[in-house]
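Chains as they are written, first to last, in this note's numbering: chain F, 1 to 333; chain R, 1 to 333; chain L, 1 to 333; chain C, 1 to 333.
Treat each hint with caution, since some may be false.
It does not matter which identical chain is meant; a pair holds if it fits inside one copy or across any two.
List time: in silico DSS-like cross-link candidates among lysine-lysine, alpha-carbon distance up to 30 angstroms [unchecked claim]:
1. K31 - K245
2. K107 - K245
3. K309 - K282
4. K309 - K281
5. K282 - K31
6. K31 - K281
7. K107 - K309
8. K107 - K42
9. K107 - K16
10. K316 - K21
11. K31 - K107
12. K316 - K107
13. K282 - K245
14. K31 - K16
15. K309 - K245
16. K21 - K216
These are computed hints drawn from the structure, not numbers from a lab.
Number of protein chains: 4
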Amino acid sequence: MGRRGYGPEFPDVTYKPHRYKESLFDTGDAKINYATCGASDKPALLLIPGQTESWWGYEPAMDLLLEHFQCFAVDLRGQGRSSRTPGRYTFDNFSNDMVKLVAFVIKRPVIVSGLSSGGVVAAWLSAYAPAGMIRGAHYEDPPLFSSEVNPRYGPSIREGAGPVFELYSTYLGDQWRVGDWEGMLAAAADELPAQRQSVFLAGYEKFKTEPPRNMKEYDPEWARAFVTGSVSASCDHARMLQNVKCPVLFTHHLSQIDVVTGQQAGAATVRQVDRVEAIIKKAGQHFTRMTVPDMGHNMHLQAPALYMKILLDWVKTLPSEDETRAGGIFDVT
Amino acid sequence: MGRRGYGPEFPDVTYKPHRYKESLFDTGDAKINYATCGASDKPALLLIPGQTESWWGYEPAMDLLLEHFQCFAVDLRGQGRSSRTPGRYTFDNFSNDMVKLVAFVIKRPVIVSGLSSGGVVAAWLSAYAPAGMIRGAHYEDPPLFSSEVNPRYGPSIREGAGPVFELYSTYLGDQWRVGDWEGMLAAAADELPAQRQSVFLAGYEKFKTEPPRNMKEYDPEWARAFVTGSVSASCDHARMLQNVKCPVLFTHHLSQIDVVTGQQAGAATVRQVDRVEAIIKKAGQHFTRMTVPDMGHNMHLQAPALYMKILLDWVKTLPSEDETRAGGIFDVT
Amino acid sequence: MGRRGYGPEFPDVTYKPHRYKESLFDTGDAKINYATCGASDKPALLLIPGQTESWWGYEPAMDLLLEHFQCFAVDLRGQGRSSRTPGRYTFDNFSNDMVKLVAFVIKRPVIVSGLSSGGVVAAWLSAYAPAGMIRGAHYEDPPLFSSEVNPRYGPSIREGAGPVFELYSTYLGDQWRVGDWEGMLAAAADELPAQRQSVFLAGYEKFKTEPPRNMKEYDPEWARAFVTGSVSASCDHARMLQNVKCPVLFTHHLSQIDVVTGQQAGAATVRQVDRVEAIIKKAGQHFTRMTVPDMGHNMHLQAPALYMKILLDWVKTLPSEDETRAGGIFDVT
Amino acid sequence: MGRRGYGPEFPDVTYKPHRYKESLFDTGDAKINYATCGASDKPALLLIPGQTESWWGYEPAMDLLLEHFQCFAVDLRGQGRSSRTPGRYTFDNFSNDMVKLVAFVIKRPVIVSGLSSGGVVAAWLSAYAPAGMIRGAHYEDPPLFSSEVNPRYGPSIREGAGPVFELYSTYLGDQWRVGDWEGMLAAAADELPAQRQSVFLAGYEKFKTEPPRNMKEYDPEWARAFVTGSVSASCDHARMLQNVKCPVLFTHHLSQIDVVTGQQAGAATVRQVDRVEAIIKKAGQHFTRMTVPDMGHNMHLQAPALYMKILLDWVKTLPSEDETRAGGIFDVT
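Chain F with its partners taken away, still in its complex shape (with noise of 0.2 angstroms):
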């Protein structure tokens, strides 16, 4: 069967037009594909979409947010049309390709939204971007020590959405390259764990012979990257939220342990929230924690209206952009 061709090489049956316009920034190490709506006279919003998502997940949300803020909705590395890195899909890359978009793209402070691996990627930024970038970070159901191999606190991967990665990497191959979605489908049955198979198999009910678009988008080394630990590896989550300085914004969404199988569903255990919590208040930042417990993972796209409300209440606590410039890297005074 061999390579299925999607991806930017195959730009033909991988992409569809969008309403809002495209741009491609090179760090030098990665195209970064990056979509905006909004006036520049508005704060800056930059939204990372989550594993599996391209930044037009976002595309509901910046209908009603482009009212409030300039939007930046991006594709990470290995996501939608930006580009394929082999072997380099690390936290620490796709957060400086992050790094690299505000300073020498949207070049000012910037509040920052991420969903699931992309609100790791947030959790980067308010951890370790320069001083005078981030405002403030939104967490949207971030996975922070359940996407760990080996996590400081609670359950890892392997319990939670390892099995499902497992399945990508290998029927689909990094960059597509084994490309066997049907065979992907007809091992699910096998291959996960009971409680797993029927909620992935119907997020594919009507894909049975074709992949749906987002997944076209998406590389999936990326679930490689997750199974093995490879994406963490240098970024211990424990560490990383003990350097975060800003406010965090962490809404948490479905959580709880199957009764018979005692497994848990939801991105992070309430005890690893705990902890995420504890962590952050301990480093002496503003931490607003919200638990939504009848939300689906994705927020943003499921409830955009209560997505963007939840969002603005908490940017009117945030300092503003000319505080966070001050002396950081946007400072000219």
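Please build the complex by placing chains R, L and C on the supplied structure of chain F, with the hints as guidance.
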């Protein structure tokens, strides 16, 4: 400071005589020390100590057991008087040493009882020993799942004993080649999580300048093998338990969650033991679970009479030696 | 495409009958298939095939050998009719299967001859088998050092067979669960270094739509274990060779450096074999080195008469079976 | 013995003043120390020291260079007065610190010259820095391939500097928390390969009880990052070199094979440098190779005048600062 000089190369400062006869068996891969007591017409009982323990941790229990069993209490490689085998401390190697000891020295079916890491070796034998070799396996408070770096269920070793093993590994070094005992005690306050410090330091209250004998007999490379995960690297606990082929007794001792730090104490969480139970039952094996919540990690040392009583009650339920022998490697019919 | 269905679960499409009798021995950890020929009053000869070979690669040689030896040609776990043991393909596990086969089935000292990966198993047995078990070990063109990911000497597997194993692993999958044979052949041009492509593709010239029988009998997870290094993870080759305890015959076949690409062909470099020789001699063992530069990797298949002649000449120099037996595990005096 | 107390937390015993002005730049992720000299109307030259060196290893060279360049000599994270960042020493992180330093402090295109590990950082910048940032890159005797644990070409670090780094890591410990300098020297005879012992011990002849200043300024966790391979884990050298985008000068110093032990001395083998050359030329970049076989590893310290001459001759061949600037991140047209 350099090498302190403990271990088999430095017998004078490491060992002292014991009340039971010790012998060495050379598996080719390691010399295995074992002590014996009891008559050969009693059931054979293989006793496997825990990490940082040597065979003589069973001495008080052996005083009671010798009436009922022919006991073989061993030092695993890297423990007591057994060989040091740098780079080769894995559950597969520990356990294949035991297979050879049973095959060539004990030469008949055994009941096995192992504590902690020794309990994981007992689990290995219950799963992977040749047919006819194991009548039943007692896992005494074993860190199943919880001693893996990326377990199928629940928190990894990093949340449990990992930081203590990291101290041992860093300040003592493989084969004691660093040997900085005082440095290790001094570093505990900085390098251990708060709730583990006091227990750790209390344990060495009387050993401020020189390690206790059990530590002198311990190769700190064990600790490194657990911290890095090499000890279980090709011996996944979930898969191992799916292969269990004999009756199992699981005694689960102290296990609790610290309400302030949210961290677990004890060798494994209740939920992890639930998974062990579910998997072994699904494999069709008889599983006896006994929770002894007020018991420390080492029941055979702390409460040898209770340990013996529990063991004897369970042994009555096991297939006889002849039943075990039938069709197995010791069957000469 | 999903699972192709090769291996022991799919015997009809995988296997065919052979001229020598096959039997299964269950080590507890794996069922090991072996074929026998020759009389029991001849010296026992254990034959261990190479990677992607099964025991019947020795069939032409056995036709000649049976006059001189009682032959036991095996399938290692993951080869031929032996068990698939996911996550457990290590040299320690391969080799401990052999120890149990010799102990419980052959029951007397053996001469061992293994090709390639089987030659590394032969090396393991020469180093770590119980005393009295091995009269001598023939390493047939073994990738010592060169099959490690981070060897003590010379280039790693990444410069040698690594890219081929990566193809097998990616496109066939553990236990053939991907099973995309055509995709693998199509990908070879992209994914193999230039100088390996033509050899690789020529080898499968007649197998464009269906794998040859030896591949059907091979668990591609072996390939993954070599690419990741898990196969040798706790079995460092340098340390293993320092422990060799019996006479060794090393036949070194084709080995050259491509003048244009600078890459080595052959199982190991001359310098790596020099190191093997130096270490084994330093260990005090008799070492016979024979370079056969115009010979392909598999002499026993390509030139069985020469293979037998070399083996017989060397066997004359070995200690007798009784000398080997003395003081070892088969010694009943 | 415990923590010796070297590094930024213990400035009094670690550092002394130097003749050139030092400044700290905070990248958010690390504070980077750098020293400057020369006029801002001269070409900018970024100097990156080798492992166990600090910026002031360039002091003698800077005395000569200041006439021709505006020099910025840096301490990488974990060197000199720059931050210690436990768990985060990777070529990606080292190099992204440099990108930020050039972007926010130097603010114009630079020529980069780096020694050894610093030469690998120079290679990174030549491959992955943003467009317009690097005029040319001098790799001074860099361990390309040879500092990886599983390189694409030739022997790994284990055959080269690995054993020395293992000594540093074991006896000094991350952030000097073991700090057993004498123990390290005492252990060298046991733990280093014969041909490396004498060089190693001669280097510390005058430092038997206290480490030299450059070592005090070195975080021994660097050594661990190289031994384990985490430093290059998501930065494969072969792939990196395929992305080189500017002219390169490679000076290759002493490199030879010991005729007795068969082991290489020097930072990389001739064949490994051949591969570097072939890859960079294939990437379409101008590659200048200069072999200086009688030169020690550190030419800028050992022969600063020759170092400057070679550098100046090559700089004449580079695109001008304005040519480099065109279309890049410093281009404000």
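Using 30 angstroms as the alpha-carbon threshold, which applies to K31 and K281: within, between, both, or neither? Between copies, since 23 angstroms is at most 30 angstroms while 36 angstroms is not.
Quick one: K309 to K282, C-alpha cut-off 30 angstroms, is that within a copy, between copies, both, or neither? Within one copy only: 28 angstroms inside, 49 angstroms across.
Between K316 and K21, at a C-alpha cutoff of 30 angstroms, which is it: within one copy, between copies, both, or neither? within (28 angstroms within a copy, 43 angstroms between copies)
One pair to classify: K107 and K16, alpha carbons no more than 30 angstroms apart. Within, between, both, or neither? Cα proximity of K107 and K16: one copy only (29 angstroms, versus 38 angstroms across).
30 angstroms Cα cut-off: does K309 pair with K245 within a copy, between copies, both or neither? Within one copy, since 24 angstroms is at most 30 angstroms while 46 angstroms is not.
Treating 30 angstroms as the Cα threshold, decide for K107 and K42: within, between, both or neither. The answer is both: 14 angstroms in one copy and 28 angstroms across copies each meet 30 angstroms.
Go through the copies and call it for K316 and K107: within, between, both or neither, with a Cα cutoff of 30 angstroms. within (22 angstroms within a copy, 34 angstroms between copies)
Up to 30 angstroms between alpha-carbons, please classify K107 paired with K245: within, between, both or neither. Answer is both; intra-copy 19 angstroms and inter-copy 25 angstroms each pass.
Go through the copies and call it for K31 and K245: within, between, both or neither, with a Cα cutoff of 30 angstroms. The answer is both: 28 angstroms in one copy and 15 angstroms across copies each meet 30 angstroms.
Give the relationship of K282 and K245 under a CA distance limit of 30 angstroms: within one copy only, between copies only, both, or neither. within (11 angstroms within a copy, 44 angstroms between copies)
How would you label the pair K107, K309 (within, between, both, or neither) given a Cα cut-off of 30 angstroms? within (26 angstroms within a copy, 40 angstroms between copies)
Tell me, please, which holds for K282 and K31 at an alpha-carbon limit of 30 angstroms: within, between, both or neither? between (37 angstroms within a copy, 22 angstroms between copies)
In this structure, every one of the numbered hints holds.
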